[in-house]
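Add chain B to chain A, keeping to what the hints say.
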Amino acid sequence: MEESRLTHYFVFQSTFNMSNKYVQDIAEIRKMMEKSSRFISLSGLSGILAGIYALAGAYIAWKLAYATEEMVYSEQTVRNVRANWDYLMLDAFAVLFLTIITCIYLTRKKARKEGVKTWDTVAQKLLVNLFIPLIAGGILVIVLYTNGIIGLIAPITLIFYGLGLLNASYYTYKDIRYLGITEIILGLLASIYIGYGLLIWAIGFGVLHIVYGAVMYFKYEK
Amino acid sequence: MKEYINRLNKAFDNRVRLGIMSALAANQSLDFNRLKELLDLTDGNLASHLKALEKQDYIAFEKAFIDRKPKTTYNITLEGRKAFADHINALEAIIKKQ
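Protein chains in written order, with the numbering used here: chain A, 2 to 223; chain B, 392 to 489.
Next comes chain A alone, as it looks inside the complex:
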């Protein structure tokens, strides 16, 4: 009697262990497919910081580019873009520089923690795919500026950044795809409501980065 119960117990244990092995096998397959084809060392924290830099930069740009005219009524007009062009460029490059430095630093830190190489083939593919639309957009912005079409600069940067993210999303978390689509939609809205360009730009590069960074942080790093 005792013996049969014991046998029963062992049979049960071994099927349990086997099924456990199958679950682990599936988990291993998923992990290896992700690890080999996706770059997952992007830190949500860098998204949050990039968003904060963008908001600060947009605030400075707003102070530089908009002048409040007090006549009979107070009116806000975009009039100081060309006059303050050097300062606006400095502002933009400072934001870009800080963002890149922060991203590199936090990504390397996270990669080291996970024991993976930062600069592997997937990371390279991610960057190449991100930068093809970004460079195209950057050139287009220069062309627009030289032709005096300043109003379309904010929407164009949003749209091409969104396209870059969409392109890069095949090599990292799928969530980036939705961030890209949202940026594209915001860019199109900004092209319709040109007067709100800077405001929508601040939402796209500031608020969205903070929101997405926080979501990614709590989803994958907590």
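Be aware that a few hints might be false.
Said to hold, decoys possible - To spell it out: a stretch of chain A is covered by chain B in this simulated footprint if at least three of its residues, at any positions, have a beta carbon under 8 Å from a beta carbon of chain B; those stretches are: (1) 21-28; (2) 114-128.
Said to hold, decoys possible - Listed below are the simulated DSS-like cross-link pairs for lysine-lysine, each with C-alpha atoms no more than 27 Å apart in a straight line: (3) A/K111 / A/K32; (4) A/K22 / B/K473; (5) B/K401 / A/K22; (6) A/K22 / B/K488.
No wet-lab data here; the hints were simulated from the structure. Cβ coordinates follow ideal geometry from the N, Cα and C atoms, glycine included.
Same frame as chain A, now just chain B:
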């Protein structure tokens, strides 16, 4: 239940081989060093598992010289892809049955 277990592929019973197949299934091709890095293995260990999968025609390789250094890239064969998919389907069926 038993029928599903029979459908599992013995070649993928080993974790390393399962890992190799997973990585190759998700990428067009991977070179030896990249596989080594992904799976965290020694040269000899990885080579023996690759050879076993090669023998079954589940993976194929290509040798090329880049900067006079030999570079071997591996890719999954059609047969390998099918066998791997069957194996995953069997695994999922077993897990679902429980």
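Exercise. When the hints from earlier in the document are held up against this structure, which numbers fail?
Worked result: none
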